[in-house]
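Below, each chain spelled out in residue letters.
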Amino acid sequence: MLGNWHQLWEIASSPDNVPIVGLLFLIPFYIWYAFRQALANDRLIEKLEADPAAAKTAYRKTQPWNPKWEREVHTWPYLMRIEFVAAILVTVLLMVWSLTLNAPLEEPSNPNVTMNPAKAPWYFLGLQEMLVYFDPWMAGVVMPTLIIVGLMAVPYIDANPLGNGYYTYRQRKFAIWTFCLGFLGLWVAMIVIGTFIRGPGWMWFWPTATWDAERVEFAVNRNVDQIFGINGAWLRHLMPASSADYAPILARTIFGIFPIVLYFLLAGYAAYRAMNATEFARKIFRRMTLLQIITTDVFLVLMLALPVKILLRLVFRVKYIWVTPWFSI
Amino acid sequence: MPEIPPQDDPVVSRPMSVLILVSVFLLLLTVAWSLYGEFFGLRPWRDYQAHFRDLYSSYLRKQISQRRTQEQAFYASADYKKLKAAVDAAGAAALPEDRKIQAQIDVLDRQRAAMTGTFQIARGQVGALTYQLEQIPESDKSGRASKLKELNEAKAVTYTVDWPNSDGSVAPRTFNYDLLNSTFTSLMAQKAALVAQRGVVDKPAKDAQAAVDTYVKENLPGLGSADLAGLQNSVQSMDPKLRQINVNPPGTQINYVGGVGLVDRCQSCHVATDPLVVPVVMTLTKADLGVPKSHDAPFTSHPDQDMLKFHPIEKFGCSPCHGGNGRALDTVEKAHGRYEHWLWPLYYPENADAGCQQCHASDIITEHAPALNDAKQAYREKGCIGCHKFQGFDNQDELLVGARQQILQLESDRKADQLDIPRLNKQGDTAPNNETANAFYQQANNLTVTVSSMDAQVEQLDQRTHSLLQETKKVGPDLKEVRMKIHKEWIPYWLQHTHEFRPTTKMPQFRLQPDEVQAIAAFIWQSGLPGPPLEKQPAGDAAHGKALLESRGCLGCHSVGEGPNMMGGNFSANLSRVGEKDNYDYLVRWVHNPRERTRPYSPFEKRDLGPEDYAKHNVPFVFDLDHSRSPDDGHELIVQQPTVMPNLRLSIQDARDVASYLITLKHSDAQYAPADFMDDPKLVAQGKKLVQFYGCAGCHEIATLEDEGRIGTELTNEGSKPIERLDFALYTEDAKRGVLPDGKKSPRGSWYDLKGFFENKLANPAVYDNGKYKPDPLDRLRMPKPNINSKELDGLVTMLLGSTDPSLPPDYMYKPSDQRASVQKGWWIVTKYNCMGCHQIDVGQSSVLMGLPMYQGQEKQNLPPRLTQEGARVDPDWLKRFLANPALSATDTNRDGVRSYLEVRMPTFYFSDDELRSLVLFFEAMSHQAEPFIPQKLEPLTTAETVMARNLFTSTAAPCLKCHATGEAAHDKNAIAPNFLLAKERLRPAWTERWITNPQLIDPGTAMPSGLFRREDDHWVFSGPLPVSFQGYMGDHANLLVRYMLQMTPEEQRNLLSHAPPATAAAQK
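Chains as they are written, first to last, in our numbering: chain A, 1 to 329; chain B, 330 to 1398.
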């Protein structure tokens, strides 16, 4: 039943969720703000590229720009005073926050009666949401590790020398789109889903639907091998009679490799195409070593796996693609 | 130095001072805000305390001025002045002597002061040297000798002290150590003697002062103006501060909040509950402080100071009883714990007794908790216990199952062992050698002994079963008797219109479809016992029956009349429509002996035995408490109907009269549709299934369902159930938002809590089925609608809320091991049989009969006896005999053993041995009598004393036999008091003496005359004209009379009776 605005308000106003409500407004604002500056700078760059004389005196690559302006200014006071005001305002914000919203303490925990829905702290809700799509070993251990390693690798695989110290879109299209997909699409959106959409039983409730703990939902998720009816019947004849019972497992394990390999091939190629989408991109691509290219490609493929799996699960009700006795994907 | 950049660079040239100023101003503002929050916003108790201080202070000022006027008037009174003058006179008389002694004491004090310093130094030195000497080993002779010499030298040293003499002069005086020591001791002794002497001198003055103090205390109770002024002073200078109670008893941890000690800060707002602020002798109400009743101000003192005496705040704090978050202070809501995350919210006023239940769950009667007591009795009487187990309530049925299983186990073991014996003997016979053979014989022997001890155990269990069967009662009537008792057509009507037919019935209203009603009624009817048929009874005299019903005590439990005309108790059924449903013959048997059964039930064979079963064993078809073993297997049978209704020992003719009257009680227009389906055998299977589903066997005995368990959830710890475990069904969201099932707003907001769940469930047990799709009736909630009013509903909710899994340390639970345990246990039995319908058991409690119109005014003397001091009055062995058989006779039962003159009659309850024991111990404990009982020894009377006592006994001023019965019919016609011949075995001498000297103290309003004796010096003296024989007798007259009475013999009484006037018009007394 939709229309339960009261409950939506309760969710949005709970002290736990204040950062997420903030996130909902602040992220679009900063994206817009960053793009505004980046596009302005891009226009300046274009102008200076057309006017080599002006470019010689243009120390600052940012808009607004004036050729007579000094190349450098002092940190003190020109930077420090801005930071000082920012520090005061942040202090004010934190004080008002702590004065008006109490720590959301709850009753002593009772292991016999756990809360429903049991939600992680807001910044981990994205990870918790991933548990829906992957087995816990993947979502809880492998993926977070890959995220950290991938972020650590970024400086080493970035072959684009431009865009340091100023906002630009034109010169860093690839990086910005990757960021938008990874951070906005896969991190922030997952947190928002985890906060506002996931109710009791981690069921999907559209906003303003009543979070009814008794809701009954019918959903059958199946593994890809089940969809294709892989039961190892043909394998059984090839195996010694003593281990024939393992045939279905073996068949599943072997079968699952194929779609995974297929995905890696397709996605790897798509990533390769993305890295060579424009003339500028191709120029950067040529600067990259083989190791850089492979690393970038692998991380892109892995990152893309998440939305692909979400799509498969939510739209096609696929549980796992590759089921092995040790892990599942 | 870089050159100064051009002015128009925005990074450089844009002024920021306004921005900085605004930011700093904002920062200051938030700092101010946080400071305000720190001192006021988060500390609302500061305001409360300041407000309270002003109100209380001005209240005290008013009190002081009132008190001053009172005191002035009092001090001016002649009586006070006289007493005060006596004090002054006594003081003045003692003054010269007192002064003389004081002067002597002063000299001694000066002398002691003069020598103390020197004495301390000398004693210190000698003490140290003695210690050193003791440390030198015995073997070191020279060392010891030299140290001893040193010690003696130290003792010999002389000191000079400026010694004050008694004449005031000061002269030097020399001492050595020993002299110092002896002088000091003698000074102390002299002073002690003088102080004692002064005490004697001052005694008259002190006694006079004490008399004044007592007089003041009696006439001006409470705090004096000086005390009040002191209090007011301290209140005025009272700074707002956090007031808290810390409870952390050593060795225990109040496991109230996560296993740490209890800290209750309630008094920070509820200041008046602090005895240092409002002394316990005062009570403070809103009216006292001039606060309107509607105004929410936490300023009243604890309303029940009496209870705080045995629940001292220092030990119990506040929140363990009341609930709430004792530590929280920032808002009322937080402190009262009325938010989602506090698991022990403050109980609402209507549920305040829930706190009692937490520790007093084992009591059926808890003092100071009337609402809880009513609820627990309702829980039992309305049959909640039939479906919902609750620890502490009757569980004989479960004990019986256990005992029976044990019997079966023992019997099967016994059989196995018995088979083993011949086998072992045989093995012994064929053993290769003597040793082995003997070992086998020994084993066989051992088994024989084991078998016999098993027999003993089974016998013991059978006896226990006998007791338990006697104690097992059902809330509703035995439905096996239904074919004999009830009109067939009435049953389906009753099932559908339970509360309409009898608005006060205990039976809840089930939600039944018409086909369910038919099936259930058919099953009940067809499962009823077919016979042996009842004896045909001739009709009786209905008018006489009515008189008996109203006088024999039936109304202590039953009521008659409908609506506003209803009269009598509500413990048992209202009888006003009995004639519409019952058969006359059955009613006669029931009134004559309600425990009589048609057939005994054998729990082992799981069937009702009939004459044919007895015939097989050639024994007559006789079964009662004395013939309770089955002829088939020798185990206990159910031989009585499982009702608490006692046997009133009416003659069969009286029973016919009462039944004839009852059968006339009906609505003239009563009509019941014919119910032929009742005999349809096709309905039985479905009916049985439904009867099992609805748990009918929890309250009724029903054939083939004797072993059914309770169908409901156990409620012992229901108050601790997590809210998530309670199914609000489709009301979950409404409950959280405070919308009641009827669509109205809940006055207290969200009802998504235990209280809300219980209240709505009890008001309408089907409520959580609303909106659910349950096409199969057997899926629906099956709890029927209980017949309770809103007060009973609140009470039951209170009981459930307090029924928690104890979060308090075990030593807070009320589980006494002394006599109070007997009281605790006894109340369960007293309430089970509704003794309070007729008797006053506890001070302040009144019986049902006391409120009936026929026992008002003069007629009060026809009430059953008051039992408030029964344990002190009677011999416990006698009491046990009386309770077992109130007729005190095996043959002449149509009478009362003690008060044969009363119309109202003590019935026979057929108590089990355990119940008898518990009841006797209960009465003993209620009267604080020592246990076990040892009778008081009575001095035998001398011949002279016998004559004197006889004279007293028959004197015109104390014509005892005028009222007391003697057992002679002619004399007893007008008797209104018990026979003296019973006294010997029945009464305790100490109580009897207290009784005859002042009966009004024990039983206000009694017909027994007061003032028979007066106190003279240290003994009682007869108030009337003394018979001549008393001349020169110095003994206690009351004691003499008691000894005479308690040693009365039938001959003596007959002898007296021939001299005394017959008891005439005694009732006028």
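Check the hints yourself; a few may be wrong.
Stated by the list, open to error - Each computed BS3-like pair below joins lysine-lysine, with the alpha-carbon atoms no more than 30 Å apart:
{"hint": "1", "chain 1": "B", "residue 1": "K1144", "chain 2": "B", "residue 2": "K1161"}
{"hint": "2", "chain 1": "B", "residue 1": "K1189", "chain 2": "B", "residue 2": "K1050"}
{"hint": "3", "chain 1": "B", "residue 1": "K910", "chain 2": "B", "residue 2": "K817"}
{"hint": "4", "chain 1": "B", "residue 1": "K1050", "chain 2": "A", "residue 2": "K119"}
{"hint": "5", "chain 1": "B", "residue 1": "K802", "chain 2": "B", "residue 2": "K1313"}
{"hint": "6", "chain 1": "B", "residue 1": "K663", "chain 2": "A", "residue 2": "K119"}
{"hint": "7", "chain 1": "A", "residue 1": "K119", "chain 2": "B", "residue 2": "K1065"}
{"hint": "8", "chain 1": "B", "residue 1": "K644", "chain 2": "B", "residue 2": "K935"}
{"hint": "9", "chain 1": "B", "residue 1": "K644", "chain 2": "B", "residue 2": "K663"}
Worth flagging that the hints you see were computed from the coordinates, not collected in a lab.
Could you work out which of the previously given hints the structure breaks and list their numbers from low to high? Those not satisfied are hints 2, 5 and 8.
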